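Student: Sequence:
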Amino acid sequence: MKILVTFLLLLLNFYATTAQKPKPFKAIAFYTAKNDQAHISFVHEANQWFPEVAAKNNFTYDSTDNWANLNDEFLAKYQLVIFLDTRPEDANQRKAFQKYMENGGAWLGFHFAGFALNNSKFNQDWDWYHNDFLGSGQYKSNTWRPTSAILKIEDRKHPIAKDLPETFKSSPNEWYRWQHDLRKNKDIKVLLSIDPSSFPLGTGPKAHEIWHSGDYPVVWTNTKYKMLYVNMGHNDIDYENKTNKELSFQFQNETQNQMIINAFRWLGTE
1 MKILVTFLLL
11 LLNFYATTAQ
21 KPKPFKAIAF
31 YTAKNDQAHI
41 SFVHEANQWF
51 PEVAAKNNFT
61 YDSTDNWANL
71 NDEFLAKYQL
81 VIFLDTRPED
91 ANQRKAFQKY
101 MENGGAWLGF
111 HFAGFALNNS
121 KFNQDWDWYH
131 NDFLGSGQYK
141 SNTWRPTSAI
151 LKIEDRKHPI
161 AKDLPETFKS
171 SPNEWYRWQH
181 DLRKNKDIKV
191 LLSIDPSSFP
201 LGTGPKAHEI
211 WHSGDYPVVW
221 TNTKYKMLYV
231 NMGHNDIDYE
241 NKTNKELSFQ
251 FQNETQNQMI
261 INAFRWLGTE
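Each residue of the sequence shown is one higher than the one before, starting from 1 at the first, in this note's numbering.
Note that these hints are calculated values from the structure, not bench results.
It should be emphasised that the depicted structure is a prediction, and the values quoted were computed from it without experimental measurement.
No residue lacks a Cβ here, since even glycine has one placed at the ideal position from N, Cα and C.
Careful: at least some of the hints might be erroneous.
What the hints assert, rightly or not - Restricting the straight-line Cα-Cα distance to at most 25 Å, the calculated cross-link-like pairs of lysine-lysine (BS3-like) are: (1) K226 / K184; (2) K224 / K99; (3) K95 / K121; (4) K99 / K77; (5) K186 / K242; (6) K206 / K121; (7) K121 / K23; (8) K226 / K99; (9) K95 / K77; (10) K95 / K34; (11) K162 / K26; (12) K77 / K56; (13) K140 / K157; (14) K242 / K34; (15) K206 / K245; (16) K245 / K34; (17) K186 / K23.
Stated by the list, open to error - Simulated restraints, written as ranges between beta carbons of each label pair: (18) D132 / D65: 23 to 33 Å; (19) H208 / A76: 44 to 54 Å; (20) R183 / A55: 15 to 25 Å; (21) T243 / A91: 38 to 48 Å; (22) Q48 / A68: 18 to 28 Å.
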């Protein structure tokens with residue numbers, strides 16, 4: 001009888017431990033790390049921090065700057081695709097990514113991955129991605145300098161909100177404003193936005209770089225896809241003195257980090 005009880009206790013402990021361990025998955029991050037030192041800094045920081053997170057959360061994190069890997073055969077190996085600092089430019093790569101998403105793949109995009117502006121190096125020439133998938137359209141403006149904001153969670157029941165407070169202070173970031181009103185898109189669900197207590201947001205020196213009011217979504221999902229866009233991803237850099245010294249980092253913020261970890265778990269396993 002004693003042996004049976006011991007066996008049952010060991011069995012229960014095994015099942016409890018197994019149930020607590022997240023399901024394994026594989027994530028692949030694409031990056032360029034060539035445009036804007038603030039974005040390059042973020043990419044290097046992400047590629048150092050994400051493998052540590054992966055090891056603790058039972059998933060595999062790979063990264064590549066070879067966008068030719070954005071093809072059907074390569075993507076089939078991964079449950080989650082990440083764009084760290086831009087989007088693909090090649091038509092075949094774009095087609096492969098759209099097919100991946102429309103067939104149930106998952107995506108996490110940061111900051112500049114959503115950027116598009118006509119008459120720039122990154123024209124809005126991919127309607128499916130910017131208008132349908134992201135829903136944001138073109139970039140319109142941003143705050144300056146990179147500044148922390150108070151962010152409010154708009155859906156407490158969403159998986160990325162697990163164990164987070166109703167509001168929290170972000171890492172310093174350059175915040176984007178968009179062409180389209182995401183609130184009017186029935187497929188877009190805003191998950192985090194800038195809380196009014198953040199205003200004025202930005203320090204200038206130009207007046208339009210300081211926001212005094214308005215509605216600014218910063219994290220959202222398109223319910224037609226398994227995706228999440230996160231506007232964070234721009235570290236503060238000492239451009240003024242031309243030292244290019246890093247003045248802030250994204251992953252030195254425990255609450256923001258928890259939100260990103262929640263995002264990995266939600267996108268990779270559910």
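Student: Each hint needs a verdict: does it hold in this structure or not?
Tutor: Each hint tested on the structure:
At most 25 Å may separate the alpha-carbon atoms for a hinted pair to count; K226 and K184 meet this at roughly 20 Å. Taking the CA atoms of K224 and K99, the gap is about 13 Å. The hint holds against a cut of 25 Å. Of the supplied pair hints, the one linking K95 and K121 holds, its CA atoms being roughly 20 Å apart against a limit of 25 Å. Distance restraint check for K99 and K77: the Cα-Cα separation of roughly 14 Å lies within the 25 Å cut-off, and the hinted pair is therefore satisfied.
Taking the CA atoms of K186 and K242, the gap is near 45 Å; set against the 25 Å cutoff, the hint is violated. Simply put, K206 and K121 have alpha-carbon atoms about 23 Å apart, close enough for the 25 Å limit, and the pair holds. A distance of roughly 40 Å separates the Cα atoms of K121 and K23; the hinted pair therefore is violated under the 25 Å criterion. Distance check on the hinted pair: K226 and K99 sit about 13 Å apart at the alpha-carbon level, within 25 Å; holds.
At most 25 Å may separate the alpha-carbon atoms for a hinted pair to count; K95 and K77 meet this at roughly 17 Å. Of the supplied pair hints, the one linking K95 and K34 holds, its CA atoms being roughly 23 Å apart against a limit of 25 Å. For the hint pairing K162 with K26, the CA-to-CA distance comes to about 22 Å; that is within 25 Å, so the pair holds. Restraint check for K77 and K56: the C-alpha separation of about 21 Å stays at or below 25 Å, so the hint holds.
Our distance criterion of 25 Å between C-alpha atoms is broken by K140 and K157, whose separation comes to about 31 Å. Restraint check for K242 and K34: satisfied, since their Cα atoms lie roughly 17 Å apart, inside the 25 Å limit. Restraint check for K206 and K245: satisfied, since their Cα atoms lie roughly 22 Å apart, inside the 25 Å limit. For the proposed pair K245 and K34, the alpha carbon gap of about 16 Å is at most 25 Å, so the pair holds.
A C-alpha spacing of about 31 Å is found between K186 and K23, which places the hinted pair above 25 Å, so the restraint is violated. Range check, D132 to D65: Cβ separation about 27 Å, and the 23 to 33 Å hint holds. In this structure the supplied range 44 to 54 Å holds for H208 paired with A76, their Cβ-Cβ distance being about 45 Å. Checked against the given bound of 15 to 25 Å, the beta carbons of R183 and A55, roughly 38 Å apart, lie outside it.
For T243 paired with A91, a C-beta distance near 40 Å keeps the hint of 38 to 48 Å intact. The hinted range of 18 to 28 Å is satisfied by Q48 and A68, whose Cβ atoms lie roughly 24 Å apart.
When the structure is compared with the earlier hints, violations turn up for hints 5, 7, 13, 17, 20 and for no others.
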